[in-house]
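*Asks:* Letter by letter, the chains look like this.
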Amino acid sequence: AQRVTQPEKLLSVFKGAPVELKCNYSYSGSPELFWYVQYSRQRLQLLLRHISRESIKGFTADLNKGETSFHLKKPFAQEEDSAMYYCALRYSSASKIIFGSGTRLSIRP
Amino acid sequence: NAGVTQTPKFQVLKTGQSMTLQCAQDMNHNSMYWYRQDPGMGLRLIYYSASEGTTDKGEVPNGYNVSRLNKREFSLRLESAAPSQTSVYFCASSFRGGGQDGELFFGEGSRLTVL
Numbered sequence: 004a005q006r007v008t009q010p011e012k013l014l015s016v017f018k019g020a021p022v023e024l025k026c027n028y029s030y031s032g033s034p035e036l037f038w039y040v041q042y043s044r045q046r047l048q049l050l051l052r053h054i055s056r057e058s059i060k061g062f063t064a065d066l067n068k069g070e071t072s073f074h075l076k077k078p079f080a081q082e083e084d085s086a087m088y089y090c091a092l093r094y095s096s097a098s099k100i101i102f103g104s105g106t107r108l109s110i111r112p
Numbered sequence: 347n348a349g350v351t352q353t354p355k356f357q358v359l360k361t362g363q364s365m366t367l368q369c370a371q372d373m374n375h376n377s378m379y380w381y382r383q384d385p386g387m388g389l390r391l392i393y394y395s396a397s398e399g400t401t402d403k404g405e406v407p408n409g410y411n412v413s414r415l416n417k418r419e420f421s422l423r424l425e426s427a428a429p430s431q432t433s434v435y436f437c438a439s440s441f442r443g444g445g446q447d448g449e450l451f452f453g454e455g456s457r458l459t460v461l
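Going down the list, the protein sequences come from chains A and B.
Residue 108 in our numbering is what sits at position 105 of the first sequence, and the numbering runs on without skipping anything.
Residue 402 in our numbering is what sits at position 56 of the second sequence, and the numbering runs on without skipping anything.
In case anyone wonders, no lab produced these hints; they're calculated from the structure.
One or more of the hints may lead you astray.
[As the list claims (entries may be wrong)] With a cut-off of at most 20 Å between alpha-carbon atoms, the simulated EDC-like pairs for lysine to aspartate or glutamate come out as follows:
(1) A:K12 to B:D384
(2) A:K99 to B:D402
(3) A:K99 to B:E405
(4) A:K60 to A:D84
(5) A:K99 to B:E419
(6) A:K99 to B:E449
Keep in mind it's a predicted model, so treat the numbers as computed, not measured.
Whenever a hint applies, use it, and build me the whole structure from the sequences.
*Replies:* Here it is, written out as structure tokens:
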């Protein structure tokens with residue numbers, strides 16, 4: 004069955020430290036992966052997608068089909084990065100999109 | 347341009363009562379979704395509608411029904427509410443094709459408590 008796994012419920016790092024939020028997926032087809040973020044009192048919003056291969060707010064994520072992973076990374080964490088992060092999978096070109104259980108990132112000053 | 351609008355924002359129900367959550371989007375999106383968000387469970391897909399006139403089950407459809415009323419509106423109905431349906435419900439929409447293909451735009455959420 005298709006699944007998105009985010010193994011860490013909570014990740015706490017100091018400001019300026021590197022951050023890596025893990026995401027693994029299981030899907031036999033050609034996946035499209037996304038990272039969404041929910042800041043306090045704001046709507047869920049797209050952070051980045053693997054197709055774009057871009058860096059948003061200093062975050063990057065690389066799709067590793069061999070390891071079926073799409074980990075989110077940032078070299079130097081900032082306090083404003085504190086939020087809930089969700090990894091999401093879209094089934095090939097279909098409309099169905101499923102999410103992982105989320106990781107709460109807390110940046111300590 | 348309001349984006350995705352959900353109503354109501356808060357609702358308290360008694361077990362066995364019914365209610366409908368309304369969702370409307372003004373972005374001319376093809377696809378619409380209903381998710382529920384529970385602590386430790388993340389976002390789970392209840393139902394989705396790839397295009398006007400179609401609906402499909404998601405990961406947790408039991409106890410829910412949906413209606414894609416037109417391109418703009420997608421409602422979620424609880425026929426006989428149960429305490430296990432206490433959750434925050436999110437509606438989302440997305441566009442097919444182009445640079446925003448697949449990006450979900452979310453509503454603010456509806457907090458439902460079933461006593």
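*Asks:* Each hint needs a verdict: does it hold in this structure or not?
*Replies:* For each hint, the structure was consulted:
1. For a cut-off of 20 Å, the pair hint linking K12 of chain A to D384 of chain B stands: about 13 Å separates their Cα positions.
2. About 9 Å separates the Cα atoms of K99 of chain A and D402 of chain B, which keeps this hinted pair within 20 Å; it holds.
3. Straight-line distance between C-alpha atoms of K99 of chain A and E405 of chain B comes to about 10 Å, which keeps the hinted pair within the 20 Å bound.
4. Only pairs whose Cα atoms come within 20 Å are accepted, and K60 of chain A paired with D84 of chain A is accepted, the gap being roughly 9 Å.
5. Using a Cα cut-off of 20 Å, the hinted pair K99 of chain A and E419 of chain B holds, with the two alpha carbons roughly 18 Å apart.
6. The hinted pair formed by K99 of chain A and E449 of chain B meets the criterion: a straight-line CA distance of about 12 Å does not exceed 20 Å.
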